[in-house]
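A.B. asks: Each chain, written out:
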Amino acid sequence: METLKSTFDFSDFPRLDITVAGAVSVFLLLFPVFPHSAFAMATMIQFLMFSLYGMGWNTIGGYGGQVDLGKAQYVGIGAFTTTVMLIRWDIPFWFSMPIGVCFSVMWSFMLGYPLFRLKGHYFAIATIAASLVLKDIFEVWDFVGAARGLEISPIKYSPPDFLRLLFKEDIYYYYVILAFFFIGILYVNWFRKSRLGFQLRSIKDNEEMAQSLGINAHWAKIKTYAIATAFVSVVGSFHACYIKNIEPEDTMSLDISILIALMAMLGGAGSLWGPIIGAGVLIPLKSYLKEWLGAQVGLVGIDLIIYGAIIMLVSAVEPRGIWGIVEKIRRRKKE
Amino acid sequence: MALLEVHGLTKKFGGLTANDDVSFKVNEGDLIGMLGPNGAGKSTLFNCLAGLYPVTSGHVFFDGHEITDLKSHEVARRGMARTFQVYAASGDLSVVENVMVGCFMRTGSGFKAKDRAKDILKEFKLQHLSDYMLSEIPVAAQKRVTMATAVGTEPKMLLLDEVAAGLNPLEIEEIMTTIRGIHSSMGITVMLIEHVMELVMNISDRVIVLDSGRKIAEGDPKAIANNPDVIKAYLGERYVQEHAEEFK
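Top line first, the protein sequences correspond to chains V and Z.
Each step along the first sequence adds one to the number in the working numbering, with nothing skipped, and position 318 is 318.
With positions in the second sequence counted from 1, the corresponding number in the working numbering is that position plus 335.
Simulated from the structure, these hints should not be mistaken for laboratory data.
Just so you know, not all the hints are guaranteed correct.
[Unchecked claim] In silico lysine-lysine, DSS-like type, Cα no more than 30 Å apart, as pairs:
| # | chain 1 | residue 1 | chain 2 | residue 2 |
| --- | --- | --- | --- | --- |
| 1 | Z | 460 | V | 334 |
| 2 | V | 204 | Z | 457 |
| 3 | V | 223 | Z | 460 |
| 4 | V | 193 | Z | 567 |
| 5 | Z | 449 | V | 5 |
| 6 | Z | 449 | V | 193 |
| 7 | V | 328 | V | 193 |
| 8 | V | 244 | V | 135 |
| 9 | V | 168 | V | 244 |
| 10 | V | 290 | V | 135 |
| 11 | Z | 491 | V | 193 |
| 12 | V | 204 | Z | 449 |
| 13 | V | 223 | V | 119 |
| 14 | Z | 406 | V | 193 |
| 15 | Z | 447 | V | 193 |
| 16 | V | 333 | Z | 453 |
The following block holds chain V by itself, in its conformation from the complex (with noise of 0.2 Å):
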């Protein structure tokens, strides 16, 4: 009753950040009613999807300030448990997809003992190692199709099928990753109040002092780190099924685990709107820049220069990103 009522409860933020936040999910709500391009409608959803990667990686990385720059690996686990499943058993997605998420989350508490032993830098380098060990592995395994990667056939499965969540029009997808992402800002809600939540920030602030107020640091950076790899693993089963074909050198390269934790970051890490609006900003100047310079003029990469840049900016201007601009200003105005 309590945690219901806690995850409910946006009465701590300003009237106008809930206008605001009410306006947006009703535009989201209403957007493919209105006419559309596909390419508007893909990037869409892209956006949804990235917010949840961001709100997943700003439960560790933003509330813990633990740089986890490894989360592709867990798109990977999920979109290919997803994705075998269906095509060797015909398993649809709903079961698949927890399937995924706990195969996830063991793999996350394994590889987490070890990594939070590591700190700062340290911590931040290894878990990129760790997931392009899992991309090596995965390249050369057959049963996951290897380097080729596999190929869902929606005329075996004719679409729309609403189990194994495979649709011809993309408004079907939308729908699914927005409600995903609703119950996404719900739960990232309940958490930043809960007891677990405020143990992450406390660790932020000051590792030995949490400890010494009975916090047991290790533990708790493991589970927010299973809770985030939930997120992302969720969101992994989604993307096999909405694109049909994956393989490790798009679901499980280092660039995407590099694009859930700078969108996270520009938007302000350790805020709930913080990943929303990052996803928000890049989302759609990546697949712009893709669609417009990188096709026409031939200047691949570009994207790629214009992160750099952001990056540098957000360290330089604010490190708490655009969020952290906004309170800024909010906080000189009150005095």
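Since the structure of chain V is already known, use the hints to place chain Z on it.
C.D. replies: Chain Z in isolation, oriented as in the chain V frame:
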């Protein structure tokens, strides 16, 4: 059995012996001061008691159980809280949220933690600062917030590490009132490390003096102030010889 018993505690960092065979007892309801010149091993002793450093040899008993090898979060759960000398506040948590972290040790409910944190802040007369970030308030208030946070864990015993360092006389007066309040009205056993002599002498029932890692004296504040060993530790051998007449 006393609340805290330390038997022959020794802590070595490589070749350096920071604490050498220190033994003492703290009874429930005591207010103990620990004095000693710079580098005497006071903070190291606290860190050993609180489980931050592993002990080289010796035993620590708290509330009837051995806690020598426990980690700091386990020691905290047994009811021994502490504050830190240098607290680097990165400022991600507001004052009330800081105290809530302490309260969360005993409750899983956010609402209960918040209520309790508010009560504690009221008791510490800090309620007007609730919504400020820790980095935005004066140092003296910051120190009282860290004490409030430690009290939030509902400890049996509180270790205070140099809470008066860098404060002006007026603020020290305020801190003393706070410590007395924690001790008498909340009934928490307090042990404090302090450089500021007058604070320790004023409020402690009993004083322990460390020098070069060894316990050199223990007793009531008055006796300690006239103890030649203590004066030697603080002012040097020559001072004691020159003033030998006064100590007889």
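A.B. asks: Hint by hint, note whether the structure agrees.
C.D. replies: Now the hints, each set against the structure:
1. At most 30 Å may separate the alpha-carbon atoms for a hinted pair to count; residue 460 of chain Z and residue 334 of chain V meet this at roughly 23 Å.
2. At most 30 Å may separate the alpha-carbon atoms for a hinted pair to count; residue 204 of chain V and residue 457 of chain Z meet this at roughly 27 Å.
3. Among the hinted pairs, residue 223 of chain V with residue 460 of chain Z is inconsistent with the structure: their alpha-carbon atoms are about 36 Å apart, more than 30 Å.
4. For the hint linking residue 193 of chain V to residue 567 of chain Z, the alpha-carbon distance of about 54 Å lies beyond 30 Å, and the restraint is violated.
5. In summary, the hint linking residue 449 of chain Z to residue 5 of chain V is supported, as the alpha carbons are separated by about 15 Å, within the 30 Å threshold.
6. Of the pairs offered as hints, the one joining residue 449 of chain Z and residue 193 of chain V holds, with about 10 Å between alpha carbons and a cut-off of 30 Å not exceeded.
7. Taking the CA atoms of residue 328 of chain V and residue 193 of chain V, the gap is near 22 Å; set against the 30 Å cutoff, the hint holds.
8. This hinted pair checks out: residue 244 of chain V and residue 135 of chain V have alpha carbons roughly 19 Å apart, not beyond 30 Å.
9. Restraint check for residue 168 of chain V and residue 244 of chain V: satisfied, since their Cα atoms lie roughly 11 Å apart, inside the 30 Å limit.
10. With a CA separation close to 24 Å, the supplied pair residue 290 of chain V and residue 135 of chain V stays within the 30 Å bound.
11. Taking the CA atoms of residue 491 of chain Z and residue 193 of chain V, the gap is near 27 Å; set against the 30 Å cutoff, the hint holds.
12. Straight-line distance between C-alpha atoms of residue 204 of chain V and residue 449 of chain Z comes to about 20 Å, which keeps the hinted pair within the 30 Å bound.
13. With a C-alpha separation of about 16 Å, the suggested pair residue 223 of chain V and residue 119 of chain V falls inside the 30 Å cut-off, and the hint holds.
14. Between residue 406 of chain Z and residue 193 of chain V the alpha-carbon distance is near 26 Å, which keeps this suggested pair within the 30 Å criterion.
15. Distance hint between residue 447 of chain Z and residue 193 of chain V is fulfilled; the C-alpha atoms sit about 12 Å from each other, no more than 30 Å.
16. The suggested pairing of residue 333 of chain V with residue 453 of chain Z holds, with an alpha-carbon distance near 26 Å, which does not exceed 30 Å.
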